[in-house]
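Trainee: Spelled out, the chains give:
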Amino acid sequence: MRVVVDLNRCQAYAQCCFAAPESFALHGPEVLVYDAAPPPERRREIERAVQACPVRAILLEVEPEEAGSHG
Amino acid sequence: MADRDRILVVGASLAGLRGAEALRRHGHAGPITLVGDEPYPPYDRPPLSKRVLTGEARADRIALPSRPGLDLTWRLGTAAVGLDLAAREVALATGERLPFDRLLIATGTRARPWPNAAEAALAGVHSVRNRDDSERLRGALAAAPRRVLIIGAGFIGCEAASACRSIGLPVTLADPNPTPLASVLGTRIGAAVAAMLREAGVDYRPSTRVEALESDGEGRVRGARLVGGGTVAAPVVIVALGALRNTEWLAGSGLAADAGGVACDGQCRVLDRDGRAVEGIAAAGDVARFPHPLFEDGPVALEHWGHAVAQAEHAARTLLGQAGAPYAEIPAFWSSQFDVNIKSVGLTNGADSVAVTQGDFGARRFVAVYGRNGRTVAAVSFDQTRWLPAYAGRIEARAAFPPILGATDQGRVAPADPGFPASPARG
Ligand SMILES: Cc1cc2nc3c(=O)[nH]c(=O)nc-3n(C[C@H](O)[C@H](O)[C@H](O)COP(=O)(O)OP(=O)(O)OC[C@H]3O[C@@H](n4cnc5c(N)ncnc54)[C@H](O)[C@@H]3O)c2cc1C
Ligand code: SF4
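Protein chains in written order, with our numbering: chain A, 1 to 71; chain B, 1001 to 1427.
Please keep in mind that the hints were generated in silico from the structure rather than gathered at the bench.
A couple of the hints might just be wrong.
[Said to hold, decoys possible] Label pairs and their in silico Cβ distance ranges:
| hint | chain 1 | residue 1 | chain 2 | residue 2 | range |
| --- | --- | --- | --- | --- | --- |
| 1 | A | 11 | B | 1293 | 22 to 32 Å |
| 2 | A | 11 | B | 1004 | 37 to 47 Å |
| 3 | A | 60 | B | 1393 | 24 to 34 Å |
| 4 | A | 37 | B | 1258 | 31 to 41 Å |
| 5 | A | 42 | B | 1254 | 42 to 52 Å |
| 6 | B | 1274 | A | 29 | 45 to 55 Å |
| 7 | A | 42 | B | 1195 | 35 to 45 Å |
| 8 | B | 1067 | A | 9 | 16 to 26 Å |
| 9 | A | 60 | B | 1086 | 39 to 49 Å |
| 10 | B | 1362 | A | 27 | 16 to 26 Å |
| 11 | A | 63 | B | 1099 | 28 to 38 Å |
| 12 | B | 1254 | A | 39 | 47 to 57 Å |
| 13 | B | 1094 | A | 9 | 38 to 48 Å |
| 14 | B | 1350 | A | 27 | 30 to 40 Å |
Keep in mind that this is a model prediction, so the values were computed, not measured.
Glycine included, C-beta positions come from ideal geometry on N, C-alpha and C.
Extracted from the complex, chain B is given alone in its bound form (with noise of 0.2 Å):
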């Protein structure tokens, strides 16, 4: 590619500063300009939902760090609302319209509100996706609220439920499915959750469906009607339901673009209506939907940090012509809450089969691996961290699972169903 093309990434958070910044390392030269709707330089999430709402960090100190000297064009408070693939333009909500040789597509989710708009816009419920969230949020839990609901008990919620738990609050914590997390870790698993949250004084209401959200009568919640009866009085409500990718910019364009993400092939590429890769344009981080070679049922999208950074990198050497075998970087992630420090390596989806392989459940320390038609997908620790890179060679190599005794800590290895819910139930 010429030296001088002019790339574009849309969307100016990890993904689209690890890309812009990989480009620069992987040798353009050209211009680089970022596009983002949110006012703000990049920041890093995960803390949003942890340390700043119990006030020990804060929204405005979490800027991403970047390497010096990387000369970018920064187009911050603007929305791309339109791409135009045959001019090669992209549309601004400002009406401008930015052309470009090559595009990073890196527009990332936002949180799933709560399905009545009418509710949902009550003063007191809240959502955490980004900077301005947390930081009312923390507003709001700062003025020690009587209690506080959290619907979702996914890993937002739950660590969420964490933070106002180790600032005193009450917390109610309402989720359909039998366990927390019940739709990454199964109910096997995420009984251990359930217990940490008891343990530390949430009320935590499994199999609980929210109907609706009750205003006070002058525009402020007042709590929550459950399904089946009941209800819980709270002034703040946390509406922790899961993201939805950031595709309607893309609506119309010709790009295999909806709800489930933008398509792309293994190396990044996006896919047109017909599924044919389209030369010069790539995604990359939560909004991005490939096939990944460990999992065999079709394409995925990944919602965790590592990915972002590790897709990213491929999408920019994909851009600049540089790019060898398939992006195949094993899925990882971390969560913290209650102090335990819970990972994950490879992907649980569609895994038959769970055992404990290391530690101790009991004690909430352990590693607990996943299979599926008998080799090992999956691993995911609770304070156990220096396993999973012995794992993750595992599940790379596809090896037999359940593991051989004498490669585990335990004096019995007892497979059992993972208890994942059904159809995984949201609200």
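One chain only, chain A, in its complex shape (with noise of 0.2 Å):
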């Protein structure tokens, strides 16, 4: 998986890191700081941040293969 985060958007309001606790995670009070290529086992929670997050800050990209393998 790939993902990046619009951090003119990002708000911190950490939904994302609660959501996916092991791919984002606040430093300071603000700095938001994430994995950019999350292992496909995370994908559930991953898309659960995205989901989460107030802004709509994250996007998501699933490579084909790994689509496939989780149907």
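The task is to assemble the complex, starting from two chains supplied on their own in separate frames and drawing on the hints.
Mentor: Put into structure tokens, the structure is as follows:
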């Protein structure tokens, strides 16, 4: 998977950090750091993070072979 | 336009990729080819000066996501070297000529090199613009050098200083201005960044010019000599002197393209030497110089991630004959350093006044608002991002500056001279 967060849009609400704690974290009060290439087994939680973000700042792409293996 | 028109995108990075996606999203069914001189598919640059340098992220794992099924043809590792407007062809370094019906120019910028070529070529001298740069520099930092010298306290220099400190490396940061980020934030607000640098243990040298890089006699850098005497011993030097626009390949094409970028109109259509818009050719991202309705001093070029995305979308619609109102996206960027989130909306260029309107400047959690001729033109937040959308609205509405009391959480709003350097000094 590939992930990019539009950090102009991100308001540091940290919803993604609760939904996918292994892939998103806040450093200091507002600096969002994230894994841009999380492993396929984290797909469900990353998708939850995408949905949870109140400002829709997270963009996710699932590579075709991964999409296949998860139905 | 014809559905089968061939669209060529030159520059395969953020603006090129987002432009190609927008072309598909807005209905273009014909062939789209992307030409990029880097060997890699589009990747995200912001981590290159941040978490790639600390080793927390890897340069080969920051590819940009994109929508599946775009059916794009990629020509990576291939530079465009010329544009023939009459024949509507782009010449490639391989000697091929690629014909096009529509063209999107998105060749971005590159790092401004250290001005002395022999010194710049010394082993241990780095810049930070692309994957290879950042990977090489990461390797040098991982070897725990005695000291790192960073030349230039702009965003990339400060972010690199932050990365070095967070992995415990001694850092000297030299810049000719009195504070970091002086040309973007002014020295009044830049002082907050100076305090951050010092607290983090950076040996920050304001008002300091590097005169020359010194060789160890075996082709490696061993440090630098400063103007007015003094030396800094450092086996790793990071040159962070800003960017140069990649327009050389357009020389002689008849387009108005030079060191200031590719000139465009408000619809991202490129202009020819006589200032006429050229049909079917648009530009977007770092390389484009264009009139922004919020900035009346003339065309600007913006080197911001969000701008590359938004302008690429607009340029794509122009190429498809679907453009509406001129491009007017409010400029915005972020930077993170020392775990502080610095964000900005609007343009501080030419601001004559600045005031802290929210939060606590001393604690570095605040919003500073910039004014020009009594109008609000920009806002910058340090760990106070949630205020920015409101200020973006004020900037777009050209609201009065200073803001009225009560619109802020300050007991007193005290506008001050922002302290921009007379002519932004480099290196
Ligand atoms: C280290 C770094 C950190 C950054 N951090 C931030 C940040 O925190 N926040 C923020 O808002 N912005 C940040 N930016 C800025 C942001 O990344 C840029 O604004 C964005 O990359 C611009 O995209 P672009 O596609 O216009 O240009 P570029 O990303 O420069 O892409 C242009 C592409 O075209 C290629 N090219 C050039 N000439 C040719 C040619 N003749 N033929 C073929 N290909 C060519 C280049 O090699 C490159 O791949 C950062 C930039 C860097 C370098
Ligand atoms: S949920 Fe969205 S706004 Fe909140 S921290 Fe994550 S990306 Fe940012």
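Trainee: How does the Cβ-Cβ distance of residue 11/A and residue 1293/B compare with 22 to 32 Å: does it lie in that range?
Mentor: 26 Å, holds
Trainee: Assuming the hint says 38 to 48 Å, is it satisfied by the Cβ distance from residue 1094/B to residue 9/A or not?
Mentor: 39 Å, holds
Trainee: May I ask you to test the hint 42 to 52 Å on the CB atoms belonging to residue 42/A and residue 1254/B?
Mentor: 51 Å, holds
Trainee: Holds or violated: 37 to 47 Å for the Cβ distance of residue 11/A and residue 1004/B?
Mentor: 43 Å, holds
Trainee: Confirm or reject the claim that residue 1254/B and residue 39/A have a C-beta distance inside 47 to 57 Å.
Mentor: At roughly 50 Å between Cβ atoms, residue 39/A and residue 1254/B fall inside 47 to 57 Å, so the hint holds.
Trainee: Could you check the hint for me, namely that residue 1274/B and residue 29/A are 45 to 55 Å apart, CB to CB?
Mentor: 52 Å, holds
Trainee: Given a hinted range of 39 to 49 Å, is it respected by the beta-carbon distance of residue 60/A and residue 1086/B?
Mentor: The hinted range 39 to 49 Å holds for residue 60/A and residue 1086/B, with Cβ atoms some 44 Å apart.
Trainee: Verify the CB-CB distance for residue 60/A and residue 1393/B against the hinted window 24 to 34 Å.
Mentor: Holds: the Cβ-Cβ distance is about 29 Å, inside 24 to 34 Å.
Trainee: Determine whether the Cβ-Cβ distance between residue 1067/B and residue 9/A falls within the hinted range of 16 to 26 Å.
Mentor: Between residue 1067/B and residue 9/A, where Cβ atoms are some 18 Å apart, the hint holds.
Trainee: Can the suggested window of 28 to 38 Å be confirmed for the beta-carbon pair residue 63/A and residue 1099/B?
Mentor: Since residue 63/A and residue 1099/B have Cβ atoms about 32 Å apart, the given range 28 to 38 Å holds.
Trainee: Indicate whether the distance between the beta carbons of residue 42/A and residue 1195/B respects the range 35 to 45 Å.
Mentor: 38 Å, holds
Trainee: With respect to the beta-carbon atoms only, verify the hint that residue 1362/B and residue 27/A lie 16 to 26 Å apart.
Mentor: 21 Å, holds
Against the hints set out earlier in the document, no violation occurs for any number.
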